[in-house]
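Student: If you're matching them up, the sequences are chains A and B in order.
The first sequence runs 212 to 394 under the numbering used here.
The second sequence runs 596 to 710 under the numbering used here.
One thing to keep in mind: the hints can contain errors.
As the list claims (entries may be wrong) - The following residues of chain B were derived to be distant from chain A, with all beta-carbon distances above 12 Å: (1) L606; (2) A623; (3) L628; (4) R639; (5) G695.
Claimed, not checked - Taking beta-carbon pairs under 7 Å as the criterion, some of the chain B residues facing chain A (in silico): (6) D599; (7) L607; (8) A611; (9) V624; (10) L672; (11) M675; (12) D677; (13) D678; (14) W679; (15) V684.
Because the hints were derived from the structure by calculation, they are not lab data.
Yeah, the Cβ is synthetic: ideal placement off N, Cα and C, and Gly gets one too.
Okay, here's what each chain looks like letter by letter:
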Amino acid sequence: MPATPGYYAKGPEALIVSLAARGDRDAFTDLVRRRQPWLRNLMRRCSGDSTLADDLAQRVFLKAWRNIRRLKQPDRFGAWLKKTAINEWIDQQRKHGQFHEDEFDDRLLPAPDVATAEAIDLDTALATLPDAVRLCIVLSYHERLSHKEIAELTGLPAGTIKSHIRRGSRKLREVLSAYGESV
Amino acid sequence: MNDDRDPRLELLFEEAESSLADDAFIDAVNDSLRRRRRRILFGRLAILAALVVLEVVLESPLRLYLGVVADVLGTPLLPMHDDWLAFLVAPINSVAGLVGLVLLGLNMLYRKIIY
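Input sequences plus hints: build the corresponding full structure.
Tutor: The following block contains the structure:
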């Protein structure tokens with residue numbers, strides 16, 4: 212008999228992950244329900260495109276379903292899903308020859324203009340950063356990861372991460388203040 | 596390591612966090628899972644059907660090939676003159692053992708890289 216969504220919603224995540232790993236589709240659906248807002252927001256910050264972000268998030272969940280039985284520590288599901296998501300985004304960028312490590316792109320934004328000042332948002336500002344810099348900024352500010360954790364997740368050297376975050380933060384402040392954000 | 600964050604940017608990131616409607620997204624994920632399951636099922640059925648057809652058309656080649664594969668896998672890597680010793684070390688002293696070790700190594704490497 213299939214369990215109701217409420218049945219799973221009350222359970223601890225590690226237990227639901229264990230059930231999903233044994234092939235319980237309803238348990239996996241509950242994991243999707245729990246994790247989708249966080250994952251879609253993460254993908255939005257990374258990609259700057261809500262449609263692409265949802266597509267990536269969907270692919271991440273499909274990969275998770277395919278591989279969840281190999282996850283040995285159910286309580287590490289969140290970290291595992293995050294790693295899968297970051298890899299998926301990097302793969303997507305590389306596939307389209309777009310993973311830029313170190314070039315700030317000022318052309319992505321039009322010149323500051325009062326008419327567009329209110330339209331500028333964080334995602335658009337993030338889009339001006341090179342991919343590696345944006346990734347470090349998103350993992351630091353959105354995921355609140357330490358430099359060490361970012362290094363473990365991305366494989367980038369700690370010094371590079373520190374430099375990316377410093378330069379990226381400065382660039383974000385410049386871009387957002389030019390458009391009238393209170394930064 | 597200094598992990599200091601700019602508090603103004605932190606605030607911006609917090610404000611940018613939006614609550615997203617979930618039903619349509621969850622339905623889309625479930626649809627994809629169903630499609631994938633169907634694809635796998637059809638794929639397996641197609642392979643099975645192809646094997647049955649080959650078996651019928653080519654007059655039992657599968658049994659022949661399986662026999663050849665079993666012979667190759669059972670071939671000892673080092674010659675053993677003592678039958679009992681040969682029997683005891685057969686799992687590692689054979690092509691099958693070597694193939695198994697290689698597959699195990701690849702699996703461990705894959706798990707180390709992916710997880």
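Student: Take the hints in turn and mark each one as holding or not.
Tutor: Right, here's what the structure says about each hint:
| no. | hint | verdict |
| --- | --- | --- |
| 1 | L606 | violated, 9 Å |
| 2 | A623 | violated, 6 Å |
| 3 | L628 | violated, 6 Å |
| 4 | R639 | holds, 16 Å |
| 5 | G695 | holds, 19 Å |
| 6 | D599 | violated, 9 Å |
| 7 | L607 | holds, 5 Å |
| 8 | A611 | holds, 4 Å |
| 9 | V624 | holds, 5 Å |
| 10 | L672 | violated, 31 Å |
| 11 | M675 | violated, 38 Å |
| 12 | D677 | violated, 41 Å |
| 13 | D678 | violated, 41 Å |
| 14 | W679 | violated, 39 Å |
| 15 | V684 | violated, 32 Å |
In the structure shown, a violation is registered for the earlier hints numbered 1, 2, 3, 6, 10, 11, 12, 13, 14, 15, in ascending order.
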